[in-house]
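Please put together the full structure from these sequences, using the hints given.
Here are the chains, one letter per residue:
Protein chains: 4
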Amino acid sequence: MKLSVGILGATGLTGVELLRLLVRHPGVEIAWVSSESQTGVPYAKVYPSLANRLPEAVSTLISMQAAQQTAPDAVFSCLPHAASAGAIEPFLKNGKTRVIDLSADYRLADRAVYEKTYAHAHPHPERLAGAVYGLSEIHRQRITGATLVANPGCYPTSILLPLIPLLREGIVLPQNLIADSKSGVSGAGRKATDGTHFVFVNENFSAYKVAGEHRHLPEIAEQLSGANGGAVAPLFTPHLVPMERGILSTIYADLAPGKTAADVEAAWNKAYANMPFARPVKDLPQTADVTRSNECRFAVRQVPGSSKVILVSVLDNMVKGASGQALQNFNIMFGLEETLGLL
Amino acid sequence: MKLSVGILGATGLTGVELLRLLVRHPGVEIAWVSSESQTGVPYAKVYPSLANRLPEAVSTLISMQAAQQTAPDAVFSCLPHAASAGAIEPFLKNGKTRVIDLSADYRLADRAVYEKTYAHAHPHPERLAGAVYGLSEIHRQRITGATLVANPGCYPTSILLPLIPLLREGIVLPQNLIADSKSGVSGAGRKATDGTHFVFVNENFSAYKVAGEHRHLPEIAEQLSGANGGAVAPLFTPHLVPMERGILSTIYADLAPGKTAADVEAAWNKAYANMPFARPVKDLPQTADVTRSNECRFAVRQVPGSSKVILVSVLDNMVKGASGQALQNFNIMFGLEETLGLL
Amino acid sequence: MKLSVGILGATGLTGVELLRLLVRHPGVEIAWVSSESQTGVPYAKVYPSLANRLPEAVSTLISMQAAQQTAPDAVFSCLPHAASAGAIEPFLKNGKTRVIDLSADYRLADRAVYEKTYAHAHPHPERLAGAVYGLSEIHRQRITGATLVANPGCYPTSILLPLIPLLREGIVLPQNLIADSKSGVSGAGRKATDGTHFVFVNENFSAYKVAGEHRHLPEIAEQLSGANGGAVAPLFTPHLVPMERGILSTIYADLAPGKTAADVEAAWNKAYANMPFARPVKDLPQTADVTRSNECRFAVRQVPGSSKVILVSVLDNMVKGASGQALQNFNIMFGLEETLGLL
Amino acid sequence: MKLSVGILGATGLTGVELLRLLVRHPGVEIAWVSSESQTGVPYAKVYPSLANRLPEAVSTLISMQAAQQTAPDAVFSCLPHAASAGAIEPFLKNGKTRVIDLSADYRLADRAVYEKTYAHAHPHPERLAGAVYGLSEIHRQRITGATLVANPGCYPTSILLPLIPLLREGIVLPQNLIADSKSGVSGAGRKATDGTHFVFVNENFSAYKVAGEHRHLPEIAEQLSGANGGAVAPLFTPHLVPMERGILSTIYADLAPGKTAADVEAAWNKAYANMPFARPVKDLPQTADVTRSNECRFAVRQVPGSSKVILVSVLDNMVKGASGQALQNFNIMFGLEETLGLL
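Read top to bottom, the protein sequences are chains A, B, C and D. Everything in the first sequence is counted per this note's numbering, starting at 1 for the first residue and increasing by one. Everything in the second sequence is counted per this note's numbering, starting at 1 for the first residue and increasing by one. Everything in the third sequence is counted per this note's numbering, starting at 1 for the first residue and increasing by one. Everything in the fourth sequence is counted per this note's numbering, starting at 1 for the first residue and increasing by one.
Do not rely on the hints blindly, as some may be mistaken.
[Stated by the list, open to error] Here are the simulated DSBU-like cross-link-like pairs (lysine-lysine), alpha carbons at most 35 Å apart as the crow flies:
1. K2/D / K2/B
2. K308/D / K191/C
3. K45/B / K270/D
4. K116/A / K45/B
5. K308/B / K209/C
6. K191/C / K96/C
Calculated from the structure, these hints are not laboratory results.
This is the structure we're talking about:
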């Protein structure tokens, strides 16, 4: 028996990445793919790479309204924030469908922070308490039983996985945390803008939304604070790399008194034992090591004669940073092997 | 005494390239830079690379209407076809200003071909006879006296410079000419589209407008026919390369009976003696050899045991393929050293 | 029962690509991976992306000599030409192992052509007659029973798949064939040279080995001649594209009298019915359409008012152009589902 | 009267960049270009982009020995460290020639630090006291009279220019300085290695020599300590960006009590008034803003509600980070207009 799944907003970059993974997943039957702007268009016209990979019956994009008449086992929403919360509401109400929302709508537990960050009222604040933040390795227990999983942002995943065990165990101090993160261009989404124009991106490197302006910061702060058991206010500086995919975060932290890099590794090994997608490594990881894989890898270096450690973390922003983790969460929610469709 | 120049549509890619060259040109005083969509915006906001390079007085974009109140010695139009012809009309009428039009509006002598190619009536067919096709090395004589020069397309320049002397001298046959051309993404212009989105261009190579659909083909055919003294119908296949700038054309031709590759080189050496920007070379040229330079370089190889020759031609589509040749034409028109501002 | 396989020369780019595919193949057990220069090195040190993907027992590279003591069901040789023929000899003699040779050693049936092309005596000319050229869709019948399959070059596959059915059926003429091909840099192999240095490749496009110098040309000519039933002497011009992977071939051909583009498509549809990896398409294919896939796709355009057709063909040079086709041949040789491990 | 200059090691990436600039410099006559590995080779064979740009008399590379028989006004050494100090010795002794050394040999005043960093004895420690660190804007006074200028490393220039005025004025604290720097691949030099192979660099982003291992760190620390009037021990993390050129440094610093971002800007404006190549800017600079320019640009952002500031600094590692600054130093040494040949 395969599980039926639908994808809302299937023509964005996370949508096509999710489909790339789903067509190989042995436990899934794709029920439909939807797009408001391209209803009726064959999916392969939009992404020729998936020609002949989608079952004939679902190879054409349907409208959101048509999608909402159905009740598949699971729906992945690849819609933008604000739009997503409303679009998944009918599924959450049908008593059957479970939802993995890749948008930001349910990532923040604190409604006020959401409304400040995204500059509009939350469409369904009554659901915030029930939503689970889908950082798979950290919140697995709650994801198992969840009806609504808020898939984390790409940057946060690269920062939270290495830091959370260290804060939980008191290996690093919660003060002075700095995450200097670098992302490929696919993180900017499918829309053609000056910021995604080849001529302006290629042979260019830039920082943006420096000093607390990026929307992923509240999500990072909220999760780190939860791990720490008290407020944490990290710095976060995102940068744009002239490549399609990949994130590398360089994280600066102070060791707690008496702790060393060995304690960092021990905490990681304990937290992530038998977790195939969160991997401490010895050699410094590079983004290409995990391209098209669902792994997040991280290593630690201690500055000689200092209590400062530098953590280097990598993932594929389209996979562990988005659609791969969404599928991992799906596997967890439905009691499937966690790696199914992801190796 | 410096010559005053204005630039219409200065915020496109050919506009900024022209400015990059003009700010170094010792004989030029920039009178204004115009943009309809960004009137009043400081130029350095649009292109920070030119910050502090434009004279304070002209560092802000003015409207076309304001521009048209002036009568500089020369105007470069970087506007799109159809719009350009109308915009330069006031200058052509003021009795002083000479115009270099980088659009396609005056490239084709044959009005019917223009109207079929660009799918609209020609805005000023009465000017076609007086316009000179600005392929500098070929039409220098007429450019000298011209009031209106139509700057060639980027692809045509890379194909015409190597082929015209060979057709004129009867070294190659006018039949069976094939130009397989490859261009960097800047050729697609400044507008953000799916076709210029980094994620869809990077790590991708494509052919487009195959089999006679590209708008540069009529221009190529008209010029080759002129050189041949009879109709020539070449094949032309454009391709998109994941790089910012550069064009390489691989041209297949049949030698006339009794001719060899040595005759090809002899014809080139004769046609382009003392011409610094049209350079026959021995080693195969690569696009990077001429990046940010105004040179077009080309080499010949004869297929062993065959009368087929392969010509490989390169140029920078933004320089010799557009703004550099425009400036070269300006130098010729005003009797300046041809290389001024271009070395 | 899984089939045991070994990989000679597993640290080159075709080696790692083959492993990327094999670790997902459900019918294969990797027996060993060998490297002369890196014997004893853990494979994941060389390619961290495969960390934890190889079974512990075979995760370290062994010597060729150690490899040759074994007799797996199949050996893939990713060694360079000349070295490969000698290295696989012990396997060919052991009475059990079947070999897929990714080098050029057995691609050419004509020993004299091989020796001229590769400038050394053929190491084992006695095996030439028994080797099968592994262009899967074309020589499937012979591949099924083969002990030694010579995997085709990357460029030839992109040219032969679209052309062979047309020559066999007399749709295009055997004269005047031109293949203007463009390849990503991985085709140049793993070795660090000026020609693979990022600074000299990036933002550069070049032609090389123009006018019959490339070693893939004899292979192309031999196969086309076989399909035509008489000598064919195509032109072939390779180019280097600043991207990692992908080949696009633009092929110029003359239709036979009375034939049209529709006949081209009909011949393709007939030849490749039910063949998942050779796909005629309507829209012009781009290299990104088939990145990391084993498909070769091709489309046709007829020049209006002319008997000239232009075929545009794409594949991933590392997959259908090398390791993917090798695995496809393996599947065919052992009677497995042809697509196993390749979707 | 033009000044005669020679270039030792002219075939490396800094060598060709220097030549690109020198051929346009109106006050310079190139006396010779040298290369040990390519003596006798025409320069244009190595770098076709400079074909026809070098005077005929010096268009062929000479040996170091031949070069050392001459006494030009200035010699630029583009040789690697250790080799450079010995190679320039004859010029330093001839009583006429002044030297700009682009290697690391004379960058560190402290011999012990040099010997630890570069793991060999200093070839000419007696010259250390007389060498001037060529950070043009900071040490202009001493550069003017210098016979031997040690041109700074590419990373240090991007970090020192924004930080030195702030330390001098006590605007930021000397503790907790972090420079997270990102460089294009040309910083790795001309040699073909795994680290410069297109396939391993493209679509990849990596950190390297994390936690104090990079050789530029002692140079940064020494200069910052000098500005601070006491030891400073910054963190420095270099990263590799898949692009040819450009460095962006993201610098984290703590404001001194009572100071704000406005004080940062004021200190910069004061220190760099009328300095065309060190430019405080308001908008965040990107590397492409300064590509092929000699400018270093930097902006500041203060973290809201915190005393932390983030400085973002960019330069072209080949120009202000190497050959451009070398030429700027030359201009200063010889009393020429500082911008000559650099605009």
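Proposed proximity, K2/B with K2/D (alpha carbon, max 35 Å)
Within the cut-off at roughly 26 Å; holds.
Is the straight-line distance between the alpha-carbon of K308/D and that of K191/C 35 Å or less?
46 Å, violated
Starting from K191/C, check that the Cα of K96/C is at most 35 Å away, please.
33 Å, holds
Pair hint outcome, K45/B versus K270/D [Cα-Cα no greater than 35 Å]:
24 Å, holds
With the threshold set at 35 Å, check whether the alpha-carbon distance from K308/B to K209/C stays at or below it.
15 Å, holds
For the pair we were handed, K116/A and K45/B, check the Cα-Cα distance against 35 Å.
29 Å, holds
In this structure, only the earlier hint numbered 2 is contradicted, and the remaining ones agree with it.
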